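*Asks:* For reference, the chains in residue letters:
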Amino acid sequence: MATRTRTDGLEELRAKILDSLRAIGHPDAPIYIGRLDESPDETEVLVEVTLPDPGDDTWSREMTSKIRTAVRTATSEVMPWAVATTRLVPPAVPDA
Amino acid sequence: MPKGAPEDPLDPRFILGHAKSLITSTGGGRPPTIDARRAASAAYYAAYHTVTKAASYFLFGESWINGVRWFSHKAVFDASRLVSRLGPPHAPDPGRDPDRVRDHAVWSIFRDAGGAKPDLLDTMEALRSLKVERETSDYDRTQRVSRATARELVDKAELVHAFFESSRTDDADTRVFLALAALKT
Numbered sequence: 006m007a008t009r010t011r012t013d014g015l016e017e018l019r020a021k022i023l024d025s026l027r028a029i030g031h032p033d034a035p036i037y038i039g040r041l042d043e044s045p046d047e048t049e050v051l052v053e054v055t056l057p058d059p060g061d062d063t064w065s066r067e068m069t070s071k072i073r074t075a076v077r078t079a080t081s082e083v084m085p086w087a088v089a090t091t092r093l094v095p096p097a098v099p100d101a
Numbered sequence: 004m005p006k007g008a009p010e011d012p013l014d015p016r017f018i019l020g021h022a023k024s025l026i027t028s029t030g031g032g033r034p035p036t037i038d039a040r041r042a043a044s045a046a047y048y049a050a051y052h053t054v055t056k057a058a059s060y061f062l063f064g065e066s067w068i069n070g071v072r073w074f075s076h077k078a079v080f081d082a083s084r085l086v087s088r089l090g091p092p093h094a095p096d097p098g099r100d101p102d103r104v105r106d107h108a109v110w111s112i113f114r115d116a117g118g119a120k121p122d123l124l125d126t127m128e129a130l131r132s133l134k135v136e137r138e139t140s141d142y143d144r145t146q147r148v149s150r151a152t153a154r155e156l157v158d159k160a161e162l163v164h165a166f167f168e169s170s171r172t173d174d175a176d177t178r179v180f181l182a183l184a185a186l187k188t
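Line by line, the protein sequences are chains A and B. With the first sequence counted from 1, adding 5 to any position gets you the numbering used here. With the second sequence counted from 1, adding 3 to any position gets you the numbering used here.
Honestly, the hints are just simulated from the structure, not real lab data. As the structure is a computational prediction, the values presented were derived from the model and not from experiment. Keep in mind that the hints are not guaranteed to be accurate.
Claimed, not checked - List of simulated lysine-lysine pairs, DSS-like, C-alpha gap at most 27 Å:
#: 1; chain 1: A; residue 1: Lys-21; chain 2: B; residue 2: Lys-134
#: 2; chain 1: B; residue 1: Lys-120; chain 2: A; residue 2: Lys-71
#: 3; chain 1: A; residue 1: Lys-71; chain 2: B; residue 2: Lys-134
Build out the structure end to end from the sequences listed, making use of the hints.
*Replies:* Structure below.
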């Protein structure tokens with residue numbers, strides 16, 4: 006069976022996603038990137054993007070679509086063997 | 004997709020209605036995030052049942068309701084990852100190494116189909132987001148599930164439902180996903 010060496014691209018991916026989010030006008034905000042699952046050929050990366058708390062409303066579909074697309078595109082460029090899944094969250098506060 | 008009046012007690016439209024009622028609820032004395040958590044979980048199940056209905060109909064036609072239990076959560080999400088990784092028109096050729104034969108085959112099938120279109124890729128990612136959030140909502144007592152997040156997930160589940168109820172299920176890229184979900188089962 007063939008073997009291949011793969012570098013860990015999470016930090017590069019983080020930088021690329023931050024650049025992509027800035028490019029679509031998303032203000033600097035914490036993002037979390039971690040692995041969800043990994044097999045020898047595939048990595049699932051969880052990208053958690055913090056958005057301003059909209060209160061009882063939710064975020065605009067246009068904005069969330071842009072963010073998800075930006076994350077997906079950045080991941081395909083930096084880690085083409087990986088699949089990105091995005092979680093959108095308001096700033097952390099204690100659970101009630 | 005099946006038409007006509009729903010006879011399915013787990014019809015995704017019912018589950019979506021339940022999820023929406025939770026995100027508009029005033030809580031009734033419950034901690035406010037309980038309703039958000041239950042809405043996120045219901046949104047995921049609406050999307051999952053939508054996909055298994057479409058995949059079963061793809062295989063069994065009008066007998067779809069007897070085929071849905073053959074599908075599994077893992078199969079649906081393994082298939083969604085394959086679409087996201089190998090389906091985009093710009094996805095690199097995984098190569099022909101012996102351990103890449105299956106990946107190369109899926110990549111080639113998508114090339115023949117013209118690649119996965121953006122709305123299918125959006126739908127695949129929505130499915131995975133819903134699954135991640137369901138697991139957080141149902142099991143993780145340390146993370147917050149906000150009402151905003153739940154509303155966004157219900158919106159995503161509605162998009163998944165609309166996609167698989169549309170004529171997009173007849174298109175080559177979507178049929179590849181449905182076939183992969185069946186093969187992974």
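*Asks:* Are the hints correct? Go through all of them and say.
*Replies:* Tested hints:
1. The hinted pair formed by A:Lys-21 and B:Lys-134 meets the criterion: a straight-line CA distance of about 25 Å does not exceed 27 Å.
2. Distance restraint check for B:Lys-120 and A:Lys-71: the Cα-Cα separation of roughly 16 Å lies within the 27 Å cut-off, and the hinted pair is therefore satisfied.
3. For the hint linking A:Lys-71 to B:Lys-134, the alpha-carbon distance of about 20 Å falls within 27 Å, and the restraint holds.
This entry satisfies every hint, going by the numbered hints stated previously.
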